[in-house]
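Peer 1: Read off the chains here:
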Amino acid sequence: MYIVWLFPVLLLGLTALTLSSKRTSLRTNLNFFKSIALPLTFLLPWVALLYFRIADLWIYSCQGMLAAVLLLTRTEVESDEAWFKGAVSYLLGMLFLDLSLHPATALPFLITTQVAQTITASSFIVALFLLFGLPPLQLGVIDLGAEKSGNVHIALSLLARFTTGFVILITITQSRWMDLIAPLQNFVIGMLFLGIALTRLVLKLQSSVHRTLSYLVSSLVLSVIVKILYPDFGEITLCLITILMIPFYIYLNQKPPEENAQGDLLNWTMFRLHHPRPALHFLRWMRIFLYAESIFAFGLAIVLFVGMQWIVGFAALFSSLSSFAVNRDKRAFLSYEKAAA
Amino acid sequence: MQFLLNLSDIIGAVVSSKMTGDVRTHAGIVLKMFVVLTVIAYFVARS
Numbered sequence: 000m001y002i003v004w005l006f007p008v009l010l011l012g013l014t015a016l017t018l019s020s021k022r023t024s025l026r027t028n029l030n031f032f033k034s035i036a037l038p039l040t041f042l043l044p045w046v047a048l049l050y051f052r053i054a055d056l057w058i059y060s061c062q063g064m065l066a067a068v069l070l071l072t073r074t075e076v077e078s079d080e081a082w083f084k085g086a087v088s089y090l091l092g093m094l095f096l097d098l099s100l101h102p103a104t105a106l107p108f109l110i111t112t113q114v115a116q117t118i119t120a121s122s123f124i125v126a127l128f129l130l131f132g133l134p135p136l137q138l139g140v141i142d143l144g145a146e147k148s149g150n151v152h153i154a155l156s157l158l159a160r161f162t163t164g165f166v167i168l169i170t171i172t173q174s175r176w177m178d179l180i181a182p183l184q185n186f187v188i189g190m191l192f193l194g195i196a197l198t199r200l201v202l203k204l205q206s207s208v209h210r211t212l213s214y215l216v217s218s219l220v221l222s223v224i225v226k227i228l229y230p231d232f233g234e235i236t237l238c239l240i241t242i243l244m245i246p247f248y249i250y251l252n253q254k255p256p257e258e259n260a261q262g263d264l265l266n267w268t269m270f271r272l273h274h275p276r277p278a279l280h281f282l283r284w285m286r287i288f289l290y291a292e293s294i295f296a297f298g299l300a301i302v303l304f305v306g307m308q309w310i311v312g313f314a315a316l317f318s319s320l321s322s323f324a325v326n327r328d329k330r331a332f333l334s335y336e337k338a339a340a
Numbered sequence: 000m001q002f003l004l005n006l007s008d009i010i011g012a013v014v015s016s017k018m019t020g021d022v023r024t025h026a027g028i029v030l031k032m033f034v035v036l037t038v039i040a041y042f043v044a045r046s
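Sequences listed follow chains A and B, in order. At position 188 of the first sequence the residue is numbered 187 (numbering that gives the first Met the number 0), and the sequence of numbers has no breaks. At position 19 of the second sequence the residue is numbered 18 (numbering that gives the first Met the number 0), and the sequence of numbers has no breaks.
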């Protein structure tokens with residue numbers, strides 16, 4: 000359970016990243032109370048994990064954490080619409096997660112095991128699509144991730160998904176959740192791979208830097224796939240992907256050309272114009288990240304093919320190829336070669 | 000106080016037609032996907 004202790008370290012490290020913002024106007028955006036309350040709120044599910052042995056309570060604490068974070072950042076998020084859609088996505092996602100954990104709760108009639116398995120699997124997929132912003136349910140979470148204010152972006156786009164992912168993984172370990180999903184395991188994994196593949200295909204079409212980054216964070220869902228296939232390696236995959244995200248935020252943490260000018264991170268054109276070197280480094284790291292992800296998914300596909308799990312293997316291969324093809328695409332709106340030129 | 004203001008804000012957003020229209024579309028996609036997945040999952044589980 001060493002991972003339980005790695006979580007707060009990583010979480011507080013990521014929070015420190017937000018506090019070290021070079022943009023003074025953004026640093027003062029959150030008042031003192033909120034800058035203390037935000038990281039503490041993210042620690043709530045972790046405290047629940049440490050002191051209580053009730054899986055439902057962990058899920059509820061995560062739900063409460065998301066609600067509190069959304070309320071704390073209500074005034075900071077620029078677009079009301081994005082905030083509202085994001086809130087709906089996160090809370091609907093948590094409700095579907097509850098439904099997946101207890102498919103028969105509060106029903107006035109009995110359901111068969113087969114129906115319970117079906118509802119568990121389908122609501123699990125919908126919940127993960129909503130919480131991690133996978134297409135076609137990306138509307139809320141990705142819109143919220145387009146937020147340009149650095150600390151609010153990290154809180155809503157990275158930390159919220161990292162904490163939720165962590166709680167889901169620990170709940171999978173400690174409850175009998177996967178027993179219900181087991182017969183439909185291949186179906187769940189296949190759908191999640193397809194979701195990742197779709198995020199990769201639209202990745203380079205985004206004009207906003209923060210939106211691109213929000214799509215990249217969606218790869219945290221890979222940890223759930225690894226958890227279902229190899230229960231011992233889920234949490235470490237989650238932490239590893241989160242650590243790999245840090246350089247992106249470092250490259251984005253740039254001093255604005257003039258103190259009052261905030262347009263330099265508005266979109267890719269402005270980012271390249273005002274910060275050519277960090278933009279190049281950002282794209283280079285994105286290239287490495289996508290290749291690493293592609294190789295990882297390819298490795299999973301090979302292992303699945305060897306284990307005769309053909310359909311899931313093909314889904315993994317599709318995900319791997321989509322990352323690879325998008326990375327190789329030189330004509331995309333957002334390409335490394337264009338930035339270098 | 001801020002908390003109460005935020006809550007009233009949310010209720011206001013729910014009531015205002017523009018936002019509910021957009022959110023309704025989103026919720027509609029979620030519901031449709033859930034139904035389609037449940038049907039597919041049922042046949043996968045039965046086979």
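Some hints could be false.
To be verified - The calculated SDA-like cross-link candidates involving lysine to any residue, where the alpha carbons are at most 25 Å apart (straight line), are:
(1) A/Lys147 x A/Pro255
(2) A/Lys147 x B/Val22
(3) B/Lys31 x A/Phe288
(4) B/Lys31 x A/Gln173
(5) B/Lys31 x A/Tyr248
(6) A/Lys33 x A/Ala103
(7) B/Lys31 x A/Leu90
(8) B/Lys31 x A/Ala103
(9) A/Lys21 x A/Val201
(10) B/Lys31 x A/Lys21
(11) A/Lys21 x A/Thr268
What the hints assert, rightly or not - Calculated from the model, a selection of chain A residues having no Cβ within reach of chain B, i.e. all distances over 12 Å:
(12) Thr112
(13) Leu136
(14) Tyr290
(15) Val302
Think of the hints as simulated: they come from the structure by calculation, not from any bench. Don't be surprised by glycine CBs; every beta carbon is placed ideally from N, CA and C.
Peer 1: Indicate, hint by hint, whether the structure satisfies it.
Peer 2: Here's how the hints hold up against the structure:
The straight-line distance between the Cα atoms of A/Lys147 and A/Pro255 is roughly 13 Å, inside the 25 Å bound, and the hint therefore holds. For the proposed pair A/Lys147 and B/Val22, the alpha carbon gap of about 22 Å is at most 25 Å, so the pair holds. Taken as a hint, the B/Lys31 and A/Phe288 pair is broken in the structure, with Cα atoms around 33 Å apart against an allowance of 25 Å. For the suggested pair B/Lys31 and A/Gln173, the alpha carbons sit about 31 Å apart, so the restraint of at most 25 Å is broken.
Straight-line distance between C-alpha atoms of B/Lys31 and A/Tyr248 comes to about 35 Å, which puts the hinted pair past the 25 Å bound. Taking the CA atoms of A/Lys33 and A/Ala103, the gap is near 39 Å; set against the 25 Å cutoff, the hint is violated. For the given pair, B/Lys31 sits about 17 Å from A/Leu90 by alpha-carbon distance, which is consistent with the 25 Å threshold. Of the supplied pair hints, the one linking B/Lys31 and A/Ala103 holds, its CA atoms being roughly 21 Å apart against a limit of 25 Å.
Pair hint A/Lys21 plus A/Val201 does not hold up; C-alpha atoms about 30 Å apart against a cutoff of 25 Å. Taken as a hint, the B/Lys31 and A/Lys21 pair is broken in the structure, with Cα atoms around 44 Å apart against an allowance of 25 Å. Proposed proximity of A/Lys21 and A/Thr268 is supported: the alpha carbons are some 21 Å apart, at most 25 Å. Not every C-beta of chain B lies more than 12 Å from that of A/Thr112, the closest at about 9 Å, which undercuts listing it as non-interface.
Non-interface status of A/Leu136 relative to chain B is broken: a Cβ of that chain comes within 12 Å, the nearest being about 6 Å off. A/Tyr290, annotated as away from the interface, keeps every beta carbon of chain B farther than 12 Å; the closest lies near 30 Å. The claim that A/Val302 lies off the interface holds: its Cβ sits roughly 22 Å from the closest Cβ of chain B, which is beyond the 12 Å cut-off.
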